[in-house]
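For the protein sequence lines, the chains are U and H, in the order given.
So the first sequence is residues 1 to 283, counted in our numbering.
So the second sequence is residues 1001 to 1293, counted in our numbering.
I should point out that these hints are in silico values taken from the structure, not numbers from a laboratory.
Beta carbons are placed, not taken as given, at the ideal position from N, Cα and C, and that holds for glycine.
No incorrect hints appear here.
Short, incomplete list of chain H residues facing chain U, as computed with Cβ under 8 Å:
no.: 1; residue: S1051
no.: 2; residue: V1054
no.: 3; residue: T1069
no.: 4; residue: V1072
no.: 5; residue: T1077
no.: 6; residue: G1081
no.: 7; residue: D1201
no.: 8; residue: S1202
no.: 9; residue: L1205
no.: 10; residue: S1208
no.: 11; residue: G1212
no.: 12; residue: V1223
no.: 13; residue: Y1224
According to the in silico footprint, chain H covers these stretches of chain U (three or more CB under 8 Å from chain H):
no.: 14; segment: 37-47
no.: 15; segment: 50-59
no.: 16; segment: 192-202
no.: 17; segment: 205-215
The calculated label-pair distances, taken between Cβ atoms and stated as ranges, are:
no.: 18; chain 1: H; residue 1: T1118; chain 2: U; residue 2: S19; range: 35 to 43 Å
no.: 19; chain 1: H; residue 1: W1261; chain 2: U; residue 2: C201; range: 42 to 50 Å
no.: 20; chain 1: H; residue 1: G1257; chain 2: U; residue 2: L160; range: 41 to 49 Å
no.: 21; chain 1: H; residue 1: A1042; chain 2: U; residue 2: I20; range: 48 to 56 Å
no.: 22; chain 1: U; residue 1: C201; chain 2: H; residue 2: H1086; range: 25 to 33 Å
no.: 23; chain 1: U; residue 1: V139; chain 2: H; residue 2: P1133; range: 41 to 49 Å
no.: 24; chain 1: U; residue 1: L219; chain 2: H; residue 2: G1163; range: 26 to 34 Å
no.: 25; chain 1: U; residue 1: L250; chain 2: H; residue 2: I1285; range: 57 to 65 Å
no.: 26; chain 1: U; residue 1: V164; chain 2: H; residue 2: A1230; range: 33 to 41 Å
no.: 27; chain 1: U; residue 1: T227; chain 2: H; residue 2: G1257; range: 39 to 47 Å
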Amino acid sequence: MGSVTATVAPPTNSNVTRSIRTFGAIARSGFRRYATYRQAAVAGVVTNTVFGFLRYYIFLAAAGAAGRVAGYDREQLATFVWVGQGLLAVIAIWGWTELADRIRTGEIAADLLRPVHPVTSYLATDVGRAGYAALSRLVPPVLIGLFLFDVYLPHRGATLPLFVLSVVLAVVICFGCRYLVNATAYWLQDVRGPLILWTLCSGVLAGLYFPLGFLPGWLEALLRYGTPFPSLLQIPLDVLVERQPAPVQLGLVGVQAGWAVVLLALCRLVQRRAELRLVVQGG
Amino acid sequence: MAEPGTLTGPTRVVPPSGGGPEPAGRTPGVLGAYRALLGAQARSQAAYRASFLVDLFGNVGATVFDVVTVLVLFGVTRELGGFTLHETLVIVGLSSFAFAAADLLVGNIERLPRYVRTGLFDAVLVRPLAALPQLLLMDLPLRKVSRVVFGLGVLVASVGSAGIHWTAGRVALVVVAPLAGLVFFGSVFVTTATVSFYWIDSGELANSVTYGGRDFTSYPVTVYGGWFRALFAYGLGFAFVSYHPALALLGRADPLGLPGWVGWVAPGVALVAAAIAALAWRVGIRHYRSTGS
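So here's chain U without its partners, still in its complex pose:
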């Protein structure tokens, strides 16, 4: 990749270029920061793999002798499970409490002094983290699926680029949700309640425990348009296994884009309201 760093004077003075450079620099440092936890990544891959086997066989049993269920055949289910196990770490669905911890301890004050908006800087770090996770946590389960099972490979040319876009949007949406959950600490101090609710809802409503297609059609539609959860896993995976015809596929990514915009706007709104009432103790 390029050798530019944030300290090199930008060739043009436009604000857009400068903010892209800043975003890139923060994202790169996020990548490096998470790349230090290599042993934990290995342990995570083993765990994802075991759950991959469990879910693959259980979904396959649900497909039964016919080998088809809710618009998926066996190969599509295999791809759904193995790519899904990898995406889990890319979107980092669980376990992020950094913002809430900083709000509780008052360290958030340092973030507010920086010239970059906290939503932007945390998002940049998260994009960097997701980039590392895509290498260390997404590739291994995908390879296991490829070598050990008959997986579905996309037929349409546009699917792969669309899937990449869908995953990027899923990362942003998941970040937005986690930011909002963490930001409740501005009001509640103890975020355990919102965090538990998030952990419970995100797993089951994102399509991790079972593809949401197993639910009645109206319920799946309600979840897809009414909540951001299916945009986290279900939609990227449906896009990849081409469960729907091409125009619908494109529409699904459009739904994700809508959720990404709504959530980022909500994050900024919540952040502004919180800053008006935030009191940091101590000096």
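On the provided structure of chain U, position chain H as indicated by the hints.
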């Protein structure tokens, strides 16, 4: 048990010397110390009542979703691996009660990697009490009680509605099997936690066998295939937690061909697991070198 006279002794505090001179005098002190640890835990957890209620609710939620998943799967299929919904729910009930109870009593051992990393485990070792009970009582998660109650509810409801032909043997089995499952899962928790004595940054590795084992035992093993089934069902012994006892309760032959008596002796596997866990713990403690922090 201690002699009656010693129980009422004035000292409930552990003697500072650690290895008390007379064994009879130690028992009430040790028991008292454990009771004090447990009491402190209960009081501190109940102090934040709203948080405690949220935790109770959140913990039962995870187990509820496990059952919901099974119901959703049966919404798209009539049978799973050759088993009907009612038969599968017996397996789910046995598994979720056993796991929830083990998780309540022993599950917090999964914090051991953090204790090893931060050096807190050194403090545990220098105290004049056994390390394992201390660790378990240091943060007994009372919030997980809700999960055990729900698991028991699923077990009772599923066993009651599965049309089981009750005999004396089956009544005994339906009591013994969940308890054996508890011991089995408890042993799995302890054994996997000892990995952190050798590999400090093992992170969520233990989850693959503990939570993975819970998911594995929630379905008939006929669902799984290949070497994965061989490894988890018989290599690690998870088939004996819920699948084989459920077959014996339901009076079904094993589609995989194991004889019917396997279901009746399945609880015995828990004793083997407990022995392995005890051994792994002893070896692990011997091997333990402080991280030096």
